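J.: Can you build the whole structure from these sequences, using the hints too?
Protein sequences appear in the order of chains A and B.
Residues 1 to 115, numbered by the working numbering, are exactly what the first sequence covers, in order.
Residues 1001 to 1114, numbered by the working numbering, are exactly what the second sequence covers, in order.
Mixed in with the good hints there might be a few duds.
Each computed BS3-like pair below joins lysine-lysine, with the alpha-carbon atoms no more than 30 angstroms apart [claimed, not checked]: (1) B:Lys1071 / A:Lys57; (2) B:Lys1101 / A:Lys57; (3) A:Lys9 / B:Lys1068; (4) B:Lys1057 / B:Lys1071; (5) A:Lys57 / B:Lys1037.
Reference excerpt, derived from the structure (chain B facing chain A, CB under 8 angstroms, subset only) [unchecked claim]: (6) Lys1022; (7) Tyr1032; (8) Asp1049; (9) Phe1095; (10) Lys1101; (11) Ile1103; (12) Ala1106.
Derived from the structure by calculation, the hints contain no laboratory data.
Treat the numbers as computed from the prediction; the structure is a model and nothing was measured.
Just so it is clear, CB atoms sit at the ideal spot from N, CA and C, and this is done for glycine as well.
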Amino acid sequence: DSGVTQTPKHLITATGQRVTLRCSPRSGDLSVYWYQQSLDQGLQFLIQYYNGEERAKGNILERFSAQQFPDLHSELNLSSLELGDSALYFCASSGSLALGSHEQFFGPGTRLTVL
Amino acid sequence: GENVEQHPSTLSVQEGDSAVIKCTYSDSASNYFPWYKQELGKRPQLIIDIRSNVGEKKDQRIAVTLNKTAKHFSLHITETQPEDSAVYFCAASLFGGGYNKLIFGAGTRLAVHP
Chain A
1 DSGVTQTPKH
11 LITATGQRVT
21 LRCSPRSGDL
31 SVYWYQQSLD
41 QGLQFLIQYY
51 NGEERAKGNI
61 LERFSAQQFP
71 DLHSELNLSS
81 LELGDSALYF
91 CASSGSLALG
101 SHEQFFGPGT
111 RLTVL
Chain B
1001 GENVEQHPST
1011 LSVQEGDSAV
1021 IKCTYSDSAS
1031 NYFPWYKQEL
1041 GKRPQLIIDI
1051 RSNVGEKKDQ
1061 RIAVTLNKTA
1071 KHFSLHITET
1081 QPEDSAVYFC
1091 AASLFGGGYN
1101 KLIFGAGTRL
1111 AVHP
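T.: In structure tokens, the structure reads:
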């Protein structure tokens, strides 16, 4: 157990719908990262938040958005869902970057199925 | 753009043999190179990492080497065991200033046969 929690574990929805994935980082970690893992594309970086502020952005679609709240948990919102959005979505967290905490600890993931 | 290439995509070895996985990165500013192991249906877990100011790092049966000039780094697993069977991902990052964006390779599926 990495200490990073994600809910829900599984999500099945229809095309055109909107969903919200939730992540709670390890206690004390300030950074949260979101990754998408599709069968044929490996792990793709989506976005990073550090202490509530966006710090890095990957190839995140405009239909996707994220935020990190004052209690440091994060939510990833996916809207106008398409079949190709079906994937495993991982959240990861890491400690204070000022202290040089490089390691990212991954949560168990949320499996999204769009029908 | 940033890119990490990983080879081979699949690797099959006999128990006790060594396994080597190679990665090449495109961004010469990258300074942090972790390796993650992902078992079927589970989360990626860090197994070893190396920073750009170090050329080699070893942890028991696992070692990583880095060639900054060639922008190339490799994972070496010695005396492989069946429980080493998993998908291994390399990654590269420009770490600093509150920024740590990991760019992953496509993964290597390692099978260790008893």
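J.: Lysine 1101 (chain B) and lysine 57 (chain A): Cα distance at most 30 angstroms?
T.: OK: lysine 1101 (chain B) and lysine 57 (chain A) at ~8 angstroms, within 30 angstroms.
J.: Can the hint on alanine 1106 (chain B) be confirmed by a CB-to-CB distance to chain A that is less than 8 angstroms?
T.: With a closest approach of 5 angstroms, the alanine 1106 (chain B) hint holds.
J.: Against chain A, with CB atoms and a cut of 8 angstroms, does the hint on aspartate 1049 (chain B) hold up?
T.: Constraint on aspartate 1049 (chain B) satisfied, holds at 6 angstroms.
J.: Hey, does the phenylalanine 1095 (chain B) contact hint survive, CB to chain A under 8 angstroms?
T.: Status holds, d = 6 angstroms.
J.: Verify the proposed pairing of lysine 1071 (chain B) with lysine 57 (chain A), using a straight-line Cα cut of 30 angstroms.
T.: holds, 23 angstroms
J.: Measuring from the C-beta of lysine 1101 (chain B) to each C-beta in chain A, is the shortest one below 8 angstroms?
T.: With a minimum Cβ separation of about 4 angstroms from chain A (threshold 8 angstroms), the hint on lysine 1101 (chain B) holds.
J.: Taking the closest Cβ pair, is lysine 1022 (chain B) under 8 angstroms from chain A?
T.: violated, 16 angstroms
J.: Are isoleucine 1103 (chain B) and chain A close enough, Cβ to Cβ, to be under 8 angstroms, as the hint says?
T.: holds, 7 angstroms
J.: Lysine 1057 (chain B) and lysine 1071 (chain B): Cα distance at most 30 angstroms?
T.: Holds - the C-alpha atoms of lysine 1071 (chain B) and lysine 1057 (chain B) are around 16 angstroms apart, at most 30 angstroms.
J.: For the hint on tyrosine 1032 (chain B), does the least C-beta distance to chain A fall short of 8 angstroms?
T.: With a closest approach of 5 angstroms, the tyrosine 1032 (chain B) hint holds.
J.: Just to be careful, I want the Cα atoms of lysine 57 (chain A) and lysine 1037 (chain B) compared with a cutoff of 30 angstroms; is the pair within it?
T.: holds, 24 angstroms
J.: Verify the proposed pairing of lysine 9 (chain A) with lysine 1068 (chain B), using a straight-line Cα cut of 30 angstroms.
T.: violated, 39 angstroms
Against the hints set out earlier in the document, violations occur for numbers 3, 6.
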